[in-house]
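Peer 1: Residue numbers (my numbering), protein chains in the order written: chain G, 22 to 156; chain W, 22 to 156; chain D, 22 to 156; chain X, 22 to 156; chain S, 22 to 156; chain H, 22 to 156.
Be a bit skeptical, because a hint or two may be false.
Treat identical chains as interchangeable: a pair holds within one or across any two.
DSS-like mimics (lysine-lysine), calculated; alpha carbons at most 30 Å apart, straight line [said to hold, decoys possible]: (1) 137 with 46; (2) 127 with 28; (3) 137 with 85; (4) 53 with 85; (5) 53 with 137; (6) 127 with 137; (7) 28 with 85; (8) 46 with 85; (9) 132 with 46; (10) 132 with 53; (11) 53 with 28; (12) 46 with 28; (13) 127 with 53; (14) 127 with 85.
Hints listed in this document are in silico derivations from the structure and should not be mistaken for laboratory results.
There are 6 protein chains.
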Amino acid sequence: MVLVTRKGYFCAAHRLNNPSWSDEKNDRVFGKCNNPNGHGHNYTVEVTVAGSPPADSGMVIDLKVLAEIIEEELIERVDHKNLNMDVDFMRGIIPTAENIAVAFWKILAPKITEGKLYSIRLYESQNNIVEYRGD
Amino acid sequence: MVLVTRKGYFCAAHRLNNPSWSDEKNDRVFGKCNNPNGHGHNYTVEVTVAGSPPADSGMVIDLKVLAEIIEEELIERVDHKNLNMDVDFMRGIIPTAENIAVAFWKILAPKITEGKLYSIRLYESQNNIVEYRGD
Amino acid sequence: MVLVTRKGYFCAAHRLNNPSWSDEKNDRVFGKCNNPNGHGHNYTVEVTVAGSPPADSGMVIDLKVLAEIIEEELIERVDHKNLNMDVDFMRGIIPTAENIAVAFWKILAPKITEGKLYSIRLYESQNNIVEYRGD
Amino acid sequence: MVLVTRKGYFCAAHRLNNPSWSDEKNDRVFGKCNNPNGHGHNYTVEVTVAGSPPADSGMVIDLKVLAEIIEEELIERVDHKNLNMDVDFMRGIIPTAENIAVAFWKILAPKITEGKLYSIRLYESQNNIVEYRGD
Amino acid sequence: MVLVTRKGYFCAAHRLNNPSWSDEKNDRVFGKCNNPNGHGHNYTVEVTVAGSPPADSGMVIDLKVLAEIIEEELIERVDHKNLNMDVDFMRGIIPTAENIAVAFWKILAPKITEGKLYSIRLYESQNNIVEYRGD
Amino acid sequence: MVLVTRKGYFCAAHRLNNPSWSDEKNDRVFGKCNNPNGHGHNYTVEVTVAGSPPADSGMVIDLKVLAEIIEEELIERVDHKNLNMDVDFMRGIIPTAENIAVAFWKILAPKITEGKLYSIRLYESQNNIVEYRGD
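Isolated chain G (complex conformation):
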């Protein structure tokens, strides 16, 4: 088994807020991330696919194809967007890095047909990183 990773990039605004909580609790739990007018990030996503490279191509998955899937299924839907307001698959979900990574997994897992989706790694900032490998 070989793991193949391709990166994608997007920038987006978001706000961490649970509408069923009081303002006071949102402030306590989410702090500055609860700023009413939002803030934003340059996100990096690393999509890792596991598989065995066939002898005739030597590739687990064609990286051009993987790059296109990431571009079409993820980047075009979140890049230069507000994750709370503009992204259908995040509706009703608090856009923490954890929740974004899980949402990305749900979208990509059925689209990866050469090899098998192994992990979604999301860098929200230089210092904050999350990774999801499915259930």
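Based on these hints, arrange chains W, D, X, S and H on the given structure of chain G.
Peer 2: Structure of chains W, D, X, S and H alone, referenced to chain G:
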């Protein structure tokens, strides 16, 4: 003369829009950056001070002091903020990287009293960088 | 299960030396790292916590809280220090990257109460990295 | 168990082409990577060794020794080379990142006698990464 | 005046060789870079444009436009190519980083019509960088 | 004129202290950097040489030669050393990044005979950078 550079980091939302233009012109000029609900970035700012290090300290400017100035004068006012709505010194200014760098210069230049402010370099993303060195 | 990683930074001096060995053996095994007056590094530590994000917060662990734990339990005790002389929890331990990572694990594991400590990854330099995931 | 990683660097030319396929199929599968005169990369290889650090040295493997093994067994044989034409252990193998990583594993596994080879991670570019952990 | 920088990326093969020199002299001057079958790099190019941002747009040059110019005029002509054999504007020119940077300047200078081309910075590898700012 | 930059790396211990000052003043000015047992850094040095590439070689300076000069004149004298105690050319000089950069300039300027030394840029940490371009 020695140049001394200290970095700072912030993340913020913004939208590029000129309210005196038509929607069509805003879309044409600013493209995806004109998204009504905004998007965002992890910004890195590099503040460079020029001076001659005195023999007794060997420092153009105490980097702890420079770091505190950057933190108090810049980062605390823009980090986890919406640059269009939450930042007093950006009011009425389109928050392009160019305009942010010039605004940062105006704030910092009078605060640097050891050495002299030499440049403000702002990374909006991995691929987009601006630099302002004063008039 | 989602993995959440937060980075911390410190710089420190150290010397690799086993006092029960001859000078000759210390030189042979530790080479330049055995320099009597020490040398130093900018270390980066990545602390990874594993858990399942609750629906109401969407966070495995509050990254602000994790950042504070890293700062108070690790960084304040090693930053701008000599790891052989100034750090109580390294007393009698050769400060190789491996041993520092294990020592960090022992300190942090009981402090992580949301989620569970998953790994300590320590970058001693651009080219040397160690990782410890517990026993 | 502690994982110890050492990086190495090399630059090389390569071409992705299966001589038993038609030109049309090579173009379709390998795209720009099938350019007849080749292209090239700055590769980074991360070699990870797993083991338990003995109390007297505190090191899973002496990083100087690991660095020398990487230099002699890998870098000197591929650096500033054409991977299709100049490298004996790649003869008859399509030089995809997957295949290079597997070839590196086969070379290094028997050479690592302190600890045990755990993974070969190969960065072909900023956005394309593969990893092999043995069968 | 504000400096605006946009990055581009390409990977290419090349060989350093002066056909009017003896093999012995080529080996002595160019060393490993003279390997007959070539080697390659992941290049990064930073294009910097200088200008004054107009008040109504706040942009020295539209970064989307600059990115397209870099893509069409430079990247498409060198990416996944052999710089000695496949690139018309490098014909008869030894593809050192210095010569590539100067060639890029000649191509881009007349294409930059908002602001003025200020510098071409080319990273051949992590450790080798050249910059050209015109005559 | 083309600028050519080559990087070098070293790790070292140092302490900022002016022996002619009181302990109290040293603490106030140098803070944590005055720790009696020292601390340390992974330093990166960028050496930039300016010149015009001759038509027959296309190189301002042979980067192999520049790399060797950096290795022999700088790196071997400071790597894995204590800058206060082990380095002859730093004797009596407070090892701030500013002073190290100036000392490096004095050593390298007469050694660069192809092209002309243009700048010494020294990264003490990710966030602290100094640059010296001569008088």
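Peer 1: It remains to establish, for every hint, whether it holds in the given structure.
Peer 2: Now for the hints, and whether the structure bears them out:
With identical chains, the CA atoms of residue 137 and residue 46 are at most 30 Å apart between copies only, with a shortest distance of 24 Å across copies and 40 Å within one. Proximity of residue 127 and residue 28 under a CA criterion of 30 Å is satisfied in both settings, with 17 Å inside one chain copy and 27 Å between copies. In this homomeric assembly, residue 137 and residue 85 come within 30 Å of each other (Cα to Cα) only inside a single copy, at 16 Å, whereas the closest approach across copies is 34 Å. Only between protomers do residue 53 and residue 85 lie at most 30 Å apart by alpha-carbon distance; the minimum there is 10 Å, versus 39 Å within a single protomer.
For the homomeric pair residue 53 and residue 137, the shortest alpha-carbon distance between copies (25 Å) is at most 30 Å, but the shortest distance inside one copy (37 Å) is not. Proximity of residue 127 and residue 137 under a CA criterion of 30 Å is satisfied in both settings, with 13 Å inside one chain copy and 24 Å between copies. For the identical chains of this complex, residue 28 and residue 85 are neighbours both inside a copy (12 Å) and across copies (21 Å), given an alpha-carbon limit of 30 Å. Within a single copy, residue 46 and residue 85 get their C-alpha atoms only as close as 45 Å, which misses the 30 Å cut-off; across copies the closest is 15 Å, which meets it.
In this assembly of identical chains, residue 132 and residue 46 lie within 30 Å of each other by CA distance solely across copies; the values are 23 Å between and 39 Å within a copy. Taking the shortest alpha-carbon separations for residue 132 and residue 53, only the inter-copy value of 24 Å comes in at or below 30 Å, while the best intra-copy value is 36 Å. In the homo-oligomer, the alpha carbons of residue 53 and residue 28 lie at most 30 Å apart both inside one protomer (28 Å) and across protomers (19 Å), since each shortest distance falls under that limit. Within a single copy, residue 46 and residue 28 get their C-alpha atoms only as close as 36 Å, which misses the 30 Å cut-off; across copies the closest is 26 Å, which meets it.
When the C-alpha separation of residue 127 and residue 53 is checked against a cutoff of 30 Å, the pair qualifies both within a copy, at 29 Å, and between copies, at 26 Å. In the homo-oligomer, the alpha carbons of residue 127 and residue 85 lie at most 30 Å apart both inside one protomer (21 Å) and across protomers (27 Å), since each shortest distance falls under that limit.
The structure shown violates none of the earlier numbered hints.
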